[in-house]
Amino acid sequence: MILDGKTPTGPIEKSWDKARFDMKLVNPANKRKFKILMVGTGLAGGAGAASLGELGYNVEAFCYQDSARRAHSIAAQGGINAAKNYPNDGDSIYRLFYDTIKGGDFRAREADVWRLAQVSNNIIDQCVAQGVPFARDYAGYLDNRSFGGAQVSRTFYARGQTGQQLLLGAYSALSRQVKAGTVKMHPRTEMLDLVVVDGVAKGITVRNLITGKIESHWGDAVVLATGGYVNVFYLSTNAMGCSVTAAWKAAKKGAYFANPCYTQIHPTCIPQHGDKQSKLTLMSESLRNDGRCWVPKNEADCDKAPGDVPEEDRDYYLERKYPSFGNLAPRDIASRAAKEQCDDNRGVGPGKRGVYLDYQTAIDRVGEATIAERYGNLFEMYEKITAENAYKRPMRIYPAPHYSMGGLWVDYQCQSNIPGLFVLGEANFSVHGANRLGASALMQGLADGYFVIPYTIAPYLASITPGTVKEDHPAFKESVEQVEAQINKMLNINGKKTVSELHRELGTVMWEDVGMARSDASLKNALKRIPEIRDEFWNNVNVTGEPGEINQQLENAGRLADFLEFAEIFAKDALHREESCGGHFRTEHQTDDGEAMRDDENFCYVGAWEFKGVGVEPELHKEPLKFENVKLAVRSYK
Amino acid sequence: MHLFTSTVGRKVLMAVTGLLLVGFITVHLLGNLSVFAGSEAINIYAEKLHSLGPIVWIFRLVMLALFAIHITFGIKLTVENSAATPEQYAIQVSQKTTFAAKSMIYTGLIILVFLLYHLLHFTLHVVHTGAVATLEPLVNGRLNVFAMVGNSFTSAFVSIVYVIAMIAVAFHVTHGIQSFVQTLGWNNGTSQDKVTAVGKLAAVAYGVLYVAIPLAFLFHIVKV
Amino acid sequence: MNLTLHVWRQKGPEDKGKLETYQAKNISEDQSFLEMLDDVNEDLIKTGKDPIAFDHDCREGICGMCSQVINGKPHGGQERTTVCQLHMREFKDGDEIFIEPWRAKAFPVQKDLIVDRSALEKIMQAGGYTSCHTGGVADGNALLIPKPTADYAMDAAECIGCGACVASCPNSSAMLYTSAKVSQLAVLPQGKGEAKARVKEMTDTLLTEGFGNCTNHYECQEACPKGISVKFIAKLNREYLKSLA
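Protein chains in written order, with my numbering: chain A, 599 to 1236; chain B, 13 to 236; chain C, 3 to 247.
Treat the hints as calculated values from the structure; they're not laboratory data.
The model shown is predicted, which means the values in this text are computed figures rather than measured ones.
For glycine and all other residues, C-beta sits at the position ideal for the given N, C-alpha and C.
It cannot be assumed that every hint is accurate.
[To be verified] When the alpha-carbon atoms are kept at most 30 Å apart in a straight line, the in silico DSS-like pairs for lysine-lysine are as follows:
hint, chain 1, residue 1, chain 2, residue 2
1, C, LYS244, A, LYS811
2, C, LYS202, B, LYS114
3, A, LYS633, A, LYS950
4, C, LYS18, A, LYS990
5, C, LYS124, C, LYS94
6, B, LYS108, C, LYS13
7, C, LYS124, A, LYS633
8, A, LYS1126, C, LYS48
9, B, LYS88, C, LYS18
10, A, LYS811, C, LYS18
11, A, LYS782, C, LYS20
12, B, LYS108, C, LYS244
13, C, LYS149, A, LYS874
14, C, LYS244, A, LYS782
15, C, LYS51, B, LYS108
16, C, LYS124, A, LYS782
17, A, LYS982, C, LYS198
18, A, LYS1094, C, LYS48
19, C, LYS51, A, LYS1094
20, C, LYS194, A, LYS1094
21, C, LYS48, A, LYS811
22, A, LYS1095, C, LYS194
23, C, LYS149, A, LYS990
24, B, LYS108, C, LYS27
25, C, LYS48, A, LYS777
26, B, LYS88, C, LYS202
27, C, LYS94, C, LYS149
28, A, LYS1087, C, LYS244
29, B, LYS114, C, LYS124
30, A, LYS982, C, LYS13
31, A, LYS1094, C, LYS20
32, A, LYS874, C, LYS27
33, C, LYS202, A, LYS777
34, C, LYS94, B, LYS88
35, C, LYS51, B, LYS114
[To be verified] Label pairs and their calculated CB-CB ranges:
hint, chain 1, residue 1, chain 2, residue 2, range
36, C, GLY137, A, THR809, 37 to 47 Å
37, B, LYS108, A, LYS895, 16 to 26 Å
38, B, PHE71, C, GLY138, 38 to 48 Å
39, A, ASN1092, C, GLY138, 23 to 33 Å
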């Protein structure tokens, strides 16, 4: 099937304004009659729930954490982009739009990206009004820093905790609505199924993580803002509880999963220290503003202390390969370059899987105090984890799975192919194409939550009668029974392996075969291994405890079960996409100097997969991508 | 009034009444120290106080109110705070707080009991009446305060009671002074350690000077 | 290294709970404290026992989910460190480690080391926001906020809402938590308008939610994994006094 993104026609500059005018509205007096279920309370979900509640809708919000404020958006460090052009360095909405399309390697929908760039400015204003303490200069004006993939300074930041501050801003708006009674919070509640009635999303089935009770909630619309799925790699920068579960449950009910193979491997993470590690820690991309990446030119120097490698024997490989962007090359490129150096046996640190990120030049230039002011908390975090002082000795970094550009397929209204199911933020696929630029995730989350969904949900709601399906509908009972059956099944396997052992096995396969460099052979191997691990899970996992209590093993088991199904579609997508673009790098498709080689003739489309059953071939639907405002070109950061 | 129900309001009340009470013990101490200037000085001081007439009574009522507020809320806060902490840790560690801070209710109660005793002793002459009964009145017919105090403190029991009470006062004030500064919002982050040090010094001074009086009589450094 | 752990185990809110002893074997000094507990849990699962339930999520010190009192100190007592960032190199072979949940009436234990911190939410809902609407706000640079003010607000805003301040307080007061938000919004022009009502309503909620009163012990400042200073409590007190005027 050819999918239609229903993007507005006409000049792109007017597209969002025109679309907003064309949308049907819901009468203010009728808004409270509509119940909207918001799953996830990070930047997109928190902002969305607060904004929809403020408009007068009856909102119920769900999160698995004990507070909306703990969603993993909180961990974003570096910043948020906006086309304010405050530094007068040539930025504009058009440039942000262009950079994002190009950064995404021409695999995103133009109109969605334009809208994102257009509302980016409103986001900054909104956050300032909430009291987000963005960095400012002595006169009181907002400060900017540079980020990868852009040659202008357009990133707003709050020390190294921008995500935290933006989330706390959204959380404060949400708290205000909770007090006002327009939003009801359901913390420690995990969505385990989407309830679809006659092809329309009408509610969700959840597990109360404290009592273990399986509950039904009806809604006139269901909005998923449940983040990304890179925990499929086991080791990633995501929080331990991040999962594909909510999105995958929707996919199993018919929602298409778009571009699952587009995952971002972030270049600046702390290298893995051992096989007992549970997660990887990101160091903000902003570090590349002042840090210089290098490895020794000679393999023999790799075991020496970095200070003992003379300047002329160091290979500042990003500056060498990409002279115009240098250390600020986009993430996919920087990650692959690091891997290349390590594959060339010039990596440093334990296992030789690491490169140096060196501050000496910057410290010599601006002084240690200024560097401490800019990145103090990151240096502190680095020292806590590695017991090394990065002011004295270069950091060691290595790429790690960080973000998923792919996600549930949505149209311009953020609505999936299931009417009534909307998807926001990282959980959808819409704006980042095949690679996300730094400081754009926060921008997208808040754009979707504050300024997109409040408009785009209205036409759908205006077209339905509120409250027609409630929890007494048989579809809810059926859903609860299914969820309970799966829980009981997992608890009664009583096998030999723990959930985390099996998750590690899956992660190893995904990282080795579906990671930074993918080949026909590696993907086929993964497609053989994933069902094997899945079978082992369903026959040999040991999930302890009872269903009716706090049971973290059970939670993890459920999430892993979904990853084990999802991973297959992920690998299939990577196998079918016979090109290299952004975060998807197929070794068969590269230029002579190792750069990604796109195939616009055959793959300039969104690949949206329809789940047909476990072990059954999924069906691929395509949404062709049209580039009318940006010329398709080979992405060059040289 | 919000001040009396709010958690911060009551803290402010504790701080302000506490400060005024510190003011009181300061004036009281200065008066008392006149025993070291010979029998005349303290008798003149006592005479001066009595001559103030109704002002003394206003003063006494104010003091009563200050004590009442400070004690009532002190007890109430302690009761609420212990209700808020029903369970204790198996391993109990303090990283910053002091013995003085943790024992405010105890030193406070010691001071309360002492206060009653002190009033019964020197103001109402209900206990240790022997010290007063045998005294010759002064030429103006007034009580010889110097002799009364001196006679009392030659008793080791009485002196020890006063010494214990004054040590309690010192501890109470140690926490009280810096706490006052914090509660009224004058701590800017860097001043706190200095204020704490000043508070400790002041508390030691109160303790040493107050304790010196009974001990001076007990050990006959000052003679009746 | 090998360690002896004494861990608080409690089936549910109604259970009395007690410390149980476990051995943590072959722990590497590069492991984080939670990874050490993961190891212990793997052993428990393999021997058919119920693993220790504990809260954790981001494991990089920012979400505020992790909440354990280790040897009497919330988050283990390392300066500016959450449990998830505490590494085993801080311990030595043969150490005995006591692990307990946050203890306060306002934080009832739900299971083992997991407590209910919803009381903190109520404090935020009482006024920890500016009442701005989505959309229709002024340009970000329309309000000039000089760097020292922005920095001060940011120092306060670093709070991760973990509740270590309450756990460490001899009175189980959440004053440091409350003061961080009150101070952040009180110094910013966008928060000043509601400052008076905010400080009153947020601090009143402290009592209704069962927290104790602040009596200036300053244990909170030592326990805070983000180094939030008690100067913000002084600021809150100042704001309260202003609200009376």
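Problem - Earlier hints that do not hold, by number - result: 1, 3, 4, 5, 6, 11, 13, 14, 15, 17, 20, 22, 24, 25, 27, 28, 30, 34, 35, 37, 38, 39
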